[in-house]
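Asks: Sequence:
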Amino acid sequence: MTLNAGRLSAAALLACLLASAAPAQAGPLIRLGSDDWCPYVCALDGKPPSGYLVELATMAMAAEGYRVEPVLMPLNRAITQTVHGDIEGVYAPPIDRRLRLSAPVAQSRACFYTRAGDDWSFHSIASLKTQVVGVIDDYGYDDGPMDAYIAENRHQPGLIALAFGASAGTTNVQKLLGGRYRVILEHAAVMAQLSKRLDVAGRIRQAGCLDKELPLTIGFATQDIRAETWVRALADGVHKMDASGELKALQKRYKLD
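FYI, in mature numbering (1 follows the signal peptide of the UniProt record, and there is no 0) the residues of the sequence shown are -26 to -1, 1 to 231.
Please keep in mind that the hints were generated in silico from the structure rather than gathered at the bench. Certain hints may be false.
Claimed, not checked - Below 20 Å or equal to it, Euclidean Cα-Cα: the simulated EDC-like pairs (lysine to aspartate or glutamate) are:
id : residue 1 : residue 2
1  : Lys214    : Asp231
2  : Lys103    : Asp93
3  : Lys186    : Asp231
4  : Lys222    : Asp93
5  : Lys214    : Glu38
6  : Lys229    : Asp198
Stated by the list, open to error - Pairwise CB distance ranges, derived in the manner of DEER restraints:
id : residue 1 : residue 2 : range
7  : Leu151    : Arg83     : 21 to 31 Å
8  : Leu18     : Gly91     : 39 to 49 Å
9  : Gly152    : Glu202    : 38 to 48 Å
Note that the coordinates shown come from a computational prediction; the quantities given were computed from them, not determined experimentally. For each residue, glycine too, the CB sits at the ideal point set by N, CA and C.
Kindly produce the complete structure, drawing on both the sequences and the hints.
Replies: Set out below in structure tokens:
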């Protein structure tokens, strides 16, 4: 009887050890897409994208039991794939009735840029009427007057020049410096990263900024029945990060505090 009990105890112990060694069951996967828009979404030489929004969403959703997989693609394709159900969501989309947007998780101010030595400056929407402004297709800049101006004039090549693709920001900077157009619009934190990476900081000047900051969100397909659950999970996860100090540390690391 003692021997049998010993065997049972050994068997129970082995079962416990095997159970503890088994990998924990992975949580539901959420794929979020966007293009290279550092410091918010950053392409890393073939590695999975990183960046402020990528890390924030990953950490916040992990706190609620989800896995986030960032996917690098043009923003307009990320929106389309989200709406069609090919991926679950998109980082920093513009306002779009097809998307259920989260509460803002960051703010970003967009500014106008010219070549160094140019004397043009932005004062109001009216000051754009004599310029071709380089912007990125489907980007949001202020959820206000500027976005309305772009929407109204997107088919007017004498006013708005649209850049496309995953490297559209780089394309705009190169076209600006090449004299293709005189003014581009870009988010200030993004331009700081771009000009440093392209080593052109001394060749570009800031020429005024939009009055209103753009709230940055995570978007999910409105028609997806899980969207509301994901939005709540993200909000709860961000709240936990804020309470623990992780959110402030992340903002500081990306110089967004």
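Asks: Now tell me, hint by hint, if it's right for this structure.
Replies: Structure-based check of all given hints:
1. Lys214 with Asp231: holds, 18 Å
2. Lys103 with Asp93: Holds, at about 16 Å.
3. Lys186 with Asp231: holds, 18 Å
4. Lys222 with Asp93: violated, 38 Å
5. Lys214 with Glu38: holds, 10 Å
6. Lys229 with Asp198: violated, 34 Å
7. Leu151 with Arg83: 21 to 31 Å: About 22 Å separates the Cβ atoms of leucine 151 and arginine 83, which means 21 to 31 Å holds.
8. Leu18 with Gly91: 39 to 49 Å: The hinted range 39 to 49 Å is violated for leucine 18 and glycine 91, with Cβ atoms some 34 Å apart.
9. Gly152 with Glu202: 38 to 48 Å: holds, 46 Å
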